Each structure stands twice: as C-alpha cells, then as structure tokens.
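> Spelled out, the chains give:
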Amino acid sequence: MRMTGAKIIVETLIEQGIDTIFGYPGGAVLNIYDELYKAGERISHYLTCHEQAAAHAADAYARVSGKPGVVIATSGPGATNLVTGIANAYLDSSPIIAITGNVARALIGKDSFQEVDIYGVTMPITKHNYIVKDVSKLADTIREAIKIATSGRPGPVLIDVPKDIQLAEFDYVPQAACSPESRNSGNISDEAIEEAVELIKGSKRPFIYAGGGVIMSVASNELLEFAELIDAPIGLSMMGLSAIPGSHPRNLGMTGMHGKYAASKAMSESDLIVAVGTRFSDRATGSKQEFSKGKKFIHIDIDPAEIGKNIPAYVSVIGNVKDVLTKLNANLTASERPEWRAEVESLKSSPENNPELPNGKLTPKAVIEEVRKHMTDDGVVATDVGQHQMWVSLYYNFTSPRTLVTSGGLGAMGFGMGAAVGSCIGRGKRKTVLFTGDGSFHMNLNELATAVSNNLPLVIVVMNNGVLGMVRQWQTLFFEKRYSSTTLNRKTDFVKLAEAFGATGYRISSKNELSSVMEKAFKTDGPVLIDAIIDRDEKVLPMIPPGGTINDIILEA
Amino acid sequence: MDTKFLLSILVKNEAGVLTRVSSLFSRRGFNIDSLSVGETESGKISRITISAKGDDYVKEQIVKQLRKLHDVITVELMDLDSTVIRELLLVKVASKKGELSDIMHAMNIFRASVVDLSPASVTLELTGQSSKIDAFIEFLKPYGIIELCRTGITAIGRGDYILKNVKEND
Chain D
21 MRMTGAKIIV ETLIEQGIDT IFGYPGGAVL NIYDELYKAG ERISHYLTCH
71 EQAAAHAADA YARVSGKPGV VIATSGPGAT NLVTGIANAY LDSSPIIAIT
121 GNVARALIGK DSFQEVDIYG VTMPITKHNY IVKDVSKLAD TIREAIKIAT
171 SGRPGPVLID VPKDIQLAEF DYVPQAACSP ESRNSGNISD EAIEEAVELI
221 KGSKRPFIYA GGGVIMSVAS NELLEFAELI DAPIGLSMMG LSAIPGSHPR
271 NLGMTGMHGK YAASKAMSES DLIVAVGTRF SDRATGSKQE FSKGKKFIHI
321 DIDPAEIGKN IPAYVSVIGN VKDVLTKLNA NLTASERPEW RAEVESLKSS
371 PENNPELPNG KLTPKAVIEE VRKHMTDDGV VATDVGQHQM WVSLYYNFTS
421 PRTLVTSGGL GAMGFGMGAA VGSCIGRGKR KTVLFTGDGS FHMNLNELAT
471 AVSNNLPLVI VVMNNGVLGM VRQWQTLFFE KRYSSTTLNR KTDFVKLAEA
521 FGATGYRISS KNELSSVMEK AFKTDGPVLI DAIIDRDEKV LPMIPPGGTI
571 NDIILEA
Chain X
10 MDTKFLLSIL VKNEAGVLTR VSSLFSRRGF NIDSLSVGET ESGKISRITI
60 SAKGDDYVKE QIVKQLRKLH DVITVELMDL DSTVIRELLL VKVASKKGEL
110 SDIMHAMNIF RASVVDLSPA SVTLELTGQS SKIDAFIEFL KPYGIIELCR
160 TGITAIGRGD YILKNVKEND
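Listed in order, the protein sequences are those of chains D and X. Count along the first sequence from 1, add 20, and you get the number used in this note's numbering. Count along the second sequence from 1, add 9, and you get the number used in this note's numbering.
Simulated from the structure, these hints should not be mistaken for lab results. Since this is a predicted model, take the numbers as computed values, not measurements. Be careful, since some hints might not be right.
[As the list claims (entries may be wrong)] If you want the ones that stay clear, here's a sample from chain D, every Cβ over 12 Å from chain X, calculated: (1) R22; (2) G86; (3) H148; (4) R173; (5) G222; (6) R303; (7) E326; (8) N466; (9) N475.
[What the hints assert, rightly or not] Pairs of lysine-lysine residues, derived as DSSO-like cross-links and limited to a Cα-Cα distance of at most 30 Å, are as follows: (10) D:K313 / X:K73; (11) X:K21 / D:K167; (12) X:K73 / D:K329; (13) X:K68 / D:K316; (14) D:K87 / X:K13; (15) X:K21 / D:K157; (16) X:K13 / D:K308; (17) D:K167 / X:K176; (18) D:K153 / X:K68; (19) D:K316 / X:K73; (20) X:K53 / D:K157; (21) X:K77 / D:K167; (22) X:K68 / D:K157; (23) D:K329 / X:K173; (24) D:K153 / X:K77; (25) D:K329 / D:K313; (26) X:K176 / D:K329; (27) D:K316 / X:K77; (28) D:K153 / X:K173; (29) D:K531 / D:K451; (30) D:K308 / X:K173; (31) D:K329 / X:K62; (32) D:K167 / X:K173; (33) X:K176 / D:K315.
[Said to hold, decoys possible] Chain X is faced by these chain D residues, among others (derived, beta-carbon under 7 Å): (34) P144; (35) P324; (36) A325.
Glycine included, C-beta positions come from ideal geometry on N, C-alpha and C.
Assemble the whole structure, with the sequences as input and the hints as a guide.
Structure follows, in structure tokens:
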C-alpha cells in the first residue's frame, strides 16, 4: 500500500509488535505524531516532560518487559536530550529504538533551525545507528534496527529520519514480526566446556560471579543448578541483582565497591571465579591486579569482546548464558566442597556481614525494609543514582528477575523518574516504587507531572538528607571533610511539591511514623511521594575504596 | 610489548562506516599509524587497511570490538610474512642545478619515477614497503623536500589467502 514515510514508521512499529512508545513531539516529527494520532488505540504514546525521561522510560520499559523500548524525539534539542538516555541503555545493554526527526535533506549541513547531526553524536553510544536517506529503505531499516537492538548482547539503536523522507511516499508491504537472532547454541565450543569442567574439578574454592546476562537470558534456574552442582556461593554484580532470590542460601548478595562483606570476602578468598554474564566493571573489581592474584577465571558471556577486556580469562565460553550453563551443567558431575562451604557460611554469619544498625532511628535500611513489606516479590523497584541506590542494592531483598531497574554502567543521576514511569507502564501499571535521593530527584522531578497525567501507581520514596550523600561520603573519607558543593541548602518542600503537581505527599521524619505513613502511602491511588528525612552522615557501608582490595574494606564510619 | 600490526577490514560500503571504524580506535584509546580505504571488486564492499601499534591485549580487543560493528564484514590481523604490503609516496624536491642527476641516480636504485618536472622542482613517485619509502625520504632530505604525501599502507594476502573467504572464530 502506498503511504508516507511517517505512516510507514508507525505501521512498521505496529507490525513488529510495538504497542507502547515514549516521546515528545516537535517540528521535525509532526508527521509521525499525526500518524500516531490516526493510529488511535493500535499504539499507545506516553508524553513525558523532557526527552531524557522518555529515553529512560523506554529503557526501563525494555528492562521490565523484555520487549524493545521505543522513544521518539524531534530534531536538534529533542534529539540531544535523548543522549544521556541512549548512553545509559548502551552501558546497561538495554534494547531501545530511538527515532529522531531531522530537517529535510536539502537543509542538512546548513546549520538549519533545530539541526544537529545526531547520527554523528550517537555513533559511539549506540550498537548501531542510521540516517535514512531513501524512503524505500525506511521499513526495512526499522525492522533491522529492532533485530539489532534485541539480538545477542542487546543495546540501543537510533534511526534519524529527515523530514522530507517522512513526507515521501512508498509502497508499504507488511512483514511478520522478526524475532531476535539468537546465537546458535550448537556453536558453544565443546573444548571450552571441557576446559571449564577441568578447571572446576581442580578448584577447592570456586565462586560464581553473576551479572545482568543471567537476567537477560532467563537463566536463573540454570545458574542455581550450576551452583548446587559445584557447591559454590554466588555473588552478584549490581546488574545481576534480582537474578536469583536474595534469601537463597547460595546468594551472598552484591559484590564490589559497596558489596556485602561476605560476597566480597568470599570472592577474594576463592581460587576460581566463574563469571557469568558480567563484565568485571572497575566498580566490581577494585584493583584489577590484586583482584585477580592467585585466581583462575572462567568467563561466560555472549559478547566475545568482553572476554579478556577487563580481566584475563583462563577459559572462556562464548554464547547465550542460558545455553552455556545448560551445556556445562550436563557435563558436570556433582561435587562437594564442605570446607569451603563452611568457610562461606561463617563469613555469612560473621558480624562484619551483619552490622548492627541503630534501632529507633529512621535509617535508610528501615525505610527500605518497610517498603519491601508492601511490595509483592514481582513488584518493580526503580532507583536513581547515589547512596540510596546502594542501600537498595544491599537491603531490598530482590526475589524475582527484572524487578530492579537501575542505572548501573552510566550511573546517571536523574534516571529514576523516567525509569519509574517506564517500569510502571511496562508492568501493566502495577504498583511500582522509585527510591531516589533529594539530589537525583531534583534533576528530573518534572516527570512527576507525567506520573500524574497518567495516574500511575508510583510510590516515590525520596531519601532526603539535604546533601549529595555519595559525594559527601567520599569527601568525608578521602577529602578531609571539605564539603565542596555537596551541602544543598535547598528549601524545597517535597510534600507541597507533590501536591502542586497533583500527586499526594507524605513526610516521615522519625521511625515511629514509618509504618503508619507507609501504610497510607501504599493505599493511595495514583502517584504518591514520601519525603523520608534521613541523617546527612548516613554512609553506604561496607566500602572498598576505588582501586582498593578487600583488605582496604571500610566497615564502620 | 608494543609491536606493529596490520589489520585488513572488509566493510559495507555505507555512509559513515569509515567514521565508525576510526572513531572506535579513539574511543577505546588505541592509535592508528596509517589508514587507507577504497572499493573492492564488489562496489558494495570497501576494504580498509589499518596499521597500528600495540600489545597483544590491544590487538585482541580492537579485532573483537571491530567485529561487533554492524557494517563490518571481516576483520583479520594480517600475517606480515605472507602479505604483500605497499605504500605510495609522492614527493616534490627542489632541483638545484647539478643536483638533478644525483636524484635521478637514486631514483633508479629505488625504482622511483618522475611524474612532474618544473624549473625549480621535481616530483617523484615511489611504491614500496614503508621502510623503503622511509629510506628514500631520508636520502632526499638534504636536497630540500618541498612537500610530501604518502597514501598509507595497503596490503593483500599472498596466494590462497583471500580475505572474504576467511572464517572468523570468536
């Protein structure tokens, strides 16, 4: 059927199973928005207050639903506002399709109004990107973009569409929705599996280090089976949180800079680390030399370029994590390591791993645990970036995969509100929690309006300490308490702010208000904000200083 | 230890592909010594030859990262012993009276050729391995090099080694 480029875009998205998009209209995407209008209920569009939040929302939508997230923005500022969101999706391997309008081809390169070379700008932060200069290629470009974004290691893809291409006409021929190209599981090297089995056999103290790849490939059961077979504990990267239940006996929790003591300690005491779907970020390893001393590594990942990038691997198995673990499990015979298990158990129950926190005080841990009581195991929690994010990682007992949405690789403050909106929509508008800090929240609090417009059941918990807590913590520990630009001295009344946006606001200033206010908040319809006042000197502990080792761990402030 | 290495890359002949490849080097902190690019026997495919320096880690990473690019078809580290490596030099030298015959003499030894002649200068063309070109430039320096340009390395495997037929393994 003959139709305009703008209509081809919308029809191809629908054809590919996209029913939800996020975005913000503007001059260079007017025609696409006109087609969205005409498409009516066949596709839902969510309008944010700022394109950055739309990109984060698409990213979060993808993470909670496992489907690609789509975001649309206009040329120039609309497109550049997506950049943080695209970079975030790139570093956390999230499949999003960003569609930007651009000025007509005849105006490109003339510094026209709202013209930016977004194709050039996003080249280093996308898995692939396009500028479409021929309407006959538009539909196939969108199909290919979705395939690239969702295949192998997922990631963002941007499609820049000049305005005249949106107006040009071409025959649209519908096609079946393409499924992600999966790596052929038959390609997993038998030799590598054999070598891995041998290394595991020879290991007295194996440690499994699991990341986001386990969640993406839906390999939680295979991972747990693997842990049982080789009698090893599991530590998680932050992106790996929620892959296995927090309370599972094999799960030591998060490792790394702000990881649990037992997880980091067991990792350092191990003689073999089996890394599964994770990339050894510097935040996870600290000093790479010290980290890898006296250890062997088996690295399982779908991306060959991750092997040996940060830590040299003895044995690497490339493939979809689920397929690799299935094959590995089939080749392993169960072995017991009672001494190592006992050692790990004693680390788990050690006082260092179970620090006593002041009772009676409104601590971040108390707030998080109270929220947890009101959430089902499959309820989604989004976070912003900073201390609250680490506290959530440490104390929120994640149980079900895809329930934590956080900015891992990029560490983008301001991620939270857009992410919470996208998470909530991606889970059929079920109760969703956002943990944020007063620093992060101030970056993109405008999106409260988006939550209100769509009457989203969001519970926004602002851990309000009046400071940029994570930076302050570094200043306290490493800069002799010179609190440069981290004492906020703002006078924002978050309760009134919530009300001004049309949401409900509550404040919790002391522990004895905690349960009653939380009760009320979770019963409230629509978005509700809780201003939780916490001490400005609360720290995220334990902490392994940057570039440090387990021997440098700070357990008490 | 840093060593010289040579990459031959087949890419889809699409706009922006050269930027993708070269910006990957800068983004990952690797340097390019020389780069040349041109169409192949198929108009849809271009071939890029990159010469760079680095240790085994750099070599391995750059090959793997390049292979992830959607427009990249094949990336191979070339075996320097079984590859024909060539570069083209164009150099304009001042030709003072009496010196021209010296230059012509050297030209014969290096198998360079004259491509332009003017009362004040002579322009020479030389093809060969980079080391030969370096040596020729060294020889010419005392005569006064007015301007110089080199194409960067291009390379092709000997005999049966055909880039588009190479099977990559991760």
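> Against each hint, give a clear statement of whether it holds in the structure.
So, going through the hints one by one against the coordinates:
For D:R22, the non-interface assignment is confirmed: its Cβ lies about 27 Å from the closest Cβ of chain X, beyond the 12 Å cut-off. Non-interface status of D:G86 relative to chain X is upheld: no Cβ of that chain comes within 12 Å, the nearest being about 22 Å off. Not every C-beta of chain X lies more than 12 Å from that of D:H148, the closest at about 4 Å, which undercuts listing it as non-interface. For D:R173, the shortest C-beta to C-beta distance to chain X comes to about 8 Å, within the 12 Å cut-off, and the non-interface label is violated.
With a closest Cβ-Cβ approach of about 25 Å to chain X, D:G222 is found to remain outside the 12 Å limit, as its non-interface label requires. The claim that D:R303 lies off the interface holds: its Cβ sits roughly 19 Å from the closest Cβ of chain X, which is beyond the 12 Å cut-off. With a least beta-carbon separation of about 9 Å from chain X, D:E326 fails to lie farther than 12 Å from that chain, contradicting its non-interface assignment. Remark: the non-interface label on D:N466 is consistent with the geometry, its nearest Cβ contact in chain X lying 32 Å away (cut-off 12 Å).
Annotated as non-interface, D:N475 keeps its C-beta farther than 12 Å from every C-beta of chain X; the closest such distance is 40 Å. In summary, the hint linking D:K313 to X:K73 is supported, as the alpha carbons are separated by about 25 Å, within the 30 Å threshold. Restraint check for X:K21 and D:K167: satisfied, since their Cα atoms lie roughly 18 Å apart, inside the 30 Å limit. Between X:K73 and D:K329 the alpha-carbon distance is near 10 Å, which keeps this suggested pair within the 30 Å criterion.
The hinted pair formed by X:K68 and D:K316 meets the criterion: a straight-line CA distance of about 23 Å does not exceed 30 Å. Distance restraint check for D:K87 and X:K13: the Cα-Cα separation of roughly 44 Å exceeds the 30 Å cut-off, and the hinted pair is therefore not satisfied. A threshold of 30 Å between alpha carbons decides the hint, and for X:K21 with D:K157 the separation of about 16 Å falls inside it, so the pair holds. Our distance criterion of 30 Å between C-alpha atoms is met by X:K13 and D:K308, whose separation comes to about 27 Å.
Distance hint between D:K167 and X:K176 is fulfilled; the C-alpha atoms sit about 23 Å from each other, no more than 30 Å. Under the criterion of a C-alpha separation no larger than 30 Å, the hint pairing D:K153 with X:K68 is inconsistent with the structure, at around 35 Å. The straight-line distance between the Cα atoms of D:K316 and X:K73 is roughly 22 Å, inside the 30 Å bound, and the hint therefore holds. Distance check on the hinted pair: X:K53 and D:K157 sit about 16 Å apart at the alpha-carbon level, within 30 Å; holds.
Distance hint between X:K77 and D:K167 is fulfilled; the C-alpha atoms sit about 14 Å from each other, no more than 30 Å. Under the criterion of a C-alpha separation no larger than 30 Å, the hint pairing X:K68 with D:K157 is inconsistent with the structure, at around 36 Å. Restraint check for D:K329 and X:K173: the C-alpha separation of about 27 Å stays at or below 30 Å, so the hint holds. For the suggested pair D:K153 and X:K77, the alpha carbons sit about 24 Å apart, so the restraint of at most 30 Å is met.
Taking the CA atoms of D:K329 and D:K313, the gap is about 17 Å. The hint holds against a cut of 30 Å. Our distance criterion of 30 Å between C-alpha atoms is met by X:K176 and D:K329, whose separation comes to about 23 Å. With a C-alpha separation of about 27 Å, the suggested pair D:K316 and X:K77 falls inside the 30 Å cut-off, and the hint holds. As the CA atoms of D:K153 and X:K173 are separated by approximately 28 Å, the hinted pair is consistent with the 30 Å bound.
Note on D:K531 and D:K451: the hinted pairing holds, with a Cα-Cα distance of about 24 Å set against a maximum of 30 Å. Between D:K308 and X:K173, the direct Cα distance comes to roughly 38 Å. Violation of the 30 Å bound is thereby established for this hinted pair. With a C-alpha separation of about 18 Å, the suggested pairing of D:K329 with X:K62 holds against the 30 Å cut-off. Using a Cα cut-off of 30 Å, the hinted pair D:K167 and X:K173 holds, with the two alpha carbons roughly 24 Å apart.
About 33 Å separates the Cα atoms of X:K176 and D:K315, which puts this hinted pair outside 30 Å; it is violated. Given hint, D:P144 at the interface with chain X, holds; its Cβ is 5 Å from that chain's nearest Cβ, closer than 7 Å. Against a cut-off of 7 Å between C-beta atoms, the interface hint on D:P324 holds, since the closest Cβ of chain X lies about 4 Å away. Evaluation of the D:A325 hint against chain X yields a held restraint, the C-beta minimum of about 4 Å falling below 7 Å.
The structure fails to meet hints 3, 4, 7, 14, 18, 22, 30, 33 from the earlier list, while all remaining hints are met.
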